Amino acid sequence: MRFLLEGKIIFSKDLDDNAKKEVERFLNEDVKEIFKKGVPKEKEGAKIKSYEIKDNVLKLKIISDRYLRAHNAILRLRNPLTQLLGRKYRIGVRRIEVDNYIIEFDTVKKIDINIPECEVKSSNNKLTLIFKNLDESDLKRNIVDRAIKLVLSEIEKEDLTTKVCKIPPGTIVREYKAKRKITFDKDVTKVAEELGWIKKFPGRGQWFYTPPVTSLVRAFESMIVEKIKDLGFVECLFPKLIPLEIMYKMRYLEGLPEGMYYVSSPKREPELFEEFVKEMMIKKEIPIEKLKSLLRNPSYVLAPAQCEPFYQFLEGEIVDADKPIMFFDRSGWTYRWEGGGARGLDRVNEFLRVECVWIGSPEVVEEIRDKTLKVSEEIAEKLDLEYWVEVGDDPFYLEGRKREERNIEFPEVPKYEMRLWLPYIKNERKGVAVTSANVHGTHFVEGFKIKEYKNRRIWTGCTGYGITRWIVGYLAQYGFNFDDWHPEIKKRIKNLPEVPKLISWP
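Our numbering applies: residue 13 is where the sequence shown begins, and numbers increase by one.
Everything labelled a hint here was simulated from the structure, so no lab data went into it. Model, not experiment: these values are computed from the prediction. Just so it is clear, CB atoms sit at the ideal spot from N, CA and C, and this is done for glycine as well. One or more of the hints may lead you astray.
Unchecked claim - Subject to a maximum C-alpha distance of 27 Å in a straight line, what follows is the list of computed DSS-like cross-link-like pairs (lysine-lysine):
| id | residue 1 | residue 2 |
| --- | --- | --- |
| 1 | Lys261 | Lys32 |
| 2 | Lys55 | Lys152 |
| 3 | Lys100 | Lys44 |
| 4 | Lys239 | Lys383 |
| 5 | Lys59 | Lys32 |
| 6 | Lys252 | Lys279 |
| 7 | Lys239 | Lys189 |
Said to hold, decoys possible - So the derived label-pair ranges between C-beta atoms look like this:
| id | residue 1 | residue 2 | range |
| --- | --- | --- | --- |
| 8 | Glu270 | Ile300 | 17 to 27 Å |
| 9 | Tyr260 | Lys304 | 53 to 63 Å |
| 10 | Ser276 | Glu64 | 29 to 39 Å |
| 11 | Glu238 | Tyr273 | 26 to 36 Å |
| 12 | Asp496 | Glu238 | 16 to 26 Å |
| 13 | Glu327 | Val132 | 40 to 50 Å |
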């Protein structure tokens, strides 16, 4: 990072010649020591490139590296200048202003990012932030530092992705064009609501799925389960309430802590809850603050990835690389907090998946991943659904790769995603990700201290089949008329159940 600041320090009154000389001596001699504080010996930190004193204004150009950022450097001048001029000349520092502040970052490739309060310019190997007209309160509120943190996070993510993944994420490696003519082009969520196939649930990113959609869900689930059983996966029932210590070992708390639902258990104090109930009955509203006081600290999350229990199941155990363990789970919902990103049926906070997890030698783990991905491709081609497979990346455990001292092994491509085309999105070719096929290398092996009995290398992998997203992709390309559906789906459903008819709905 490189910093160039043009700013000024405004004094309480004009400086006479003697005061100016004092300030000039200070800037030429004392400032070097002030700017060196906290900066490694071999680094430059900040330095004053030029200055000008006129009346009650000291104009400064400060350049710096990352070890003492220029905006922090100019703030360091306030107290010493006040002490220098205060007693002898009765002059104080009134305020500090920054007219122009340029911050440059080196990047691997062009990064598109919007930062409030500043202008952003990006080229292939450089990103520049330009701040204008900042006052002292802006600097003390750390808006510059927060902007820098956002940029560094984005750069680190891009650099790390390039370092770990040999093929840039987003690269399409295979695709399939539907042989039939796709004519349906309406928004799936909107039509499903109008027909009563779904109904909005009060919780953000949640839906009530009525019988027609449920039957379609079960049809796709059965197709996937049949195929993965043929690959050798056996079914288990995984817990969905995951202790925080497991998420810590998985490093999800580093990768995406804001993307999970946290769970607190209540205190077993019935008399206190009686007060809560009484207050609720009297006020006719839920006393949230009272409820908070009755809950213990968060100690669980609702499963955000569904595979978490598998790694805990193997924690501290010894396995045989020649005998891969292959489980799958379809026992319940997966939960992710999408915040404002939740929309329609394709991006929800509560969704159904069939989750495959396995452990074995690196070669076998990658081979299994490829086979689980092929399952989705075969189903899509059999149903004549237009799709593509692209290189992806996983935000959940991306953070854990930053620690080079862990010496984690990763495959050349950690993640593939398969997407079904959504014709109703007109302005761009968009797809919904229905399958995520991942190889974690030794990320979870190291985190959960899983051993191989001959000390051979072992990796883990997981593939998630997003059943609710399969439904979105299927309906987007086939529509809602059962007669128009693919024979394989109609055979599995047999008779599409009706929507329950209420007086007031749908």
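Now the hints, each set against the structure:
{"no.": "1", "hint": "Lys261 - Lys32", "result": "59 Å, violated"}
{"no.": "2", "hint": "Lys55 - Lys152", "result": "25 Å, holds"}
{"no.": "3", "hint": "Lys100 - Lys44", "result": "23 Å, holds"}
{"no.": "4", "hint": "Lys239 - Lys383", "result": "10 Å, holds"}
{"no.": "5", "hint": "Lys59 - Lys32", "result": "19 Å, holds"}
{"no.": "6", "hint": "Lys252 - Lys279", "result": "21 Å, holds"}
{"no.": "7", "hint": "Lys239 - Lys189", "result": "23 Å, holds"}
{"no.": "8", "hint": "Glu270 - Ile300: 17 to 27 Å", "result": "21 Å, holds"}
{"no.": "9", "hint": "Tyr260 - Lys304: 53 to 63 Å", "result": "23 Å, violated"}
{"no.": "10", "hint": "Ser276 - Glu64: 29 to 39 Å", "result": "59 Å, violated"}
{"no.": "11", "hint": "Glu238 - Tyr273: 26 to 36 Å", "result": "32 Å, holds"}
{"no.": "12", "hint": "Asp496 - Glu238: 16 to 26 Å", "result": "24 Å, holds"}
{"no.": "13", "hint": "Glu327 - Val132: 40 to 50 Å", "result": "44 Å, holds"}
Taken one by one, the earlier hints fail for this structure at numbers 1, 9, 10, listed in ascending order.
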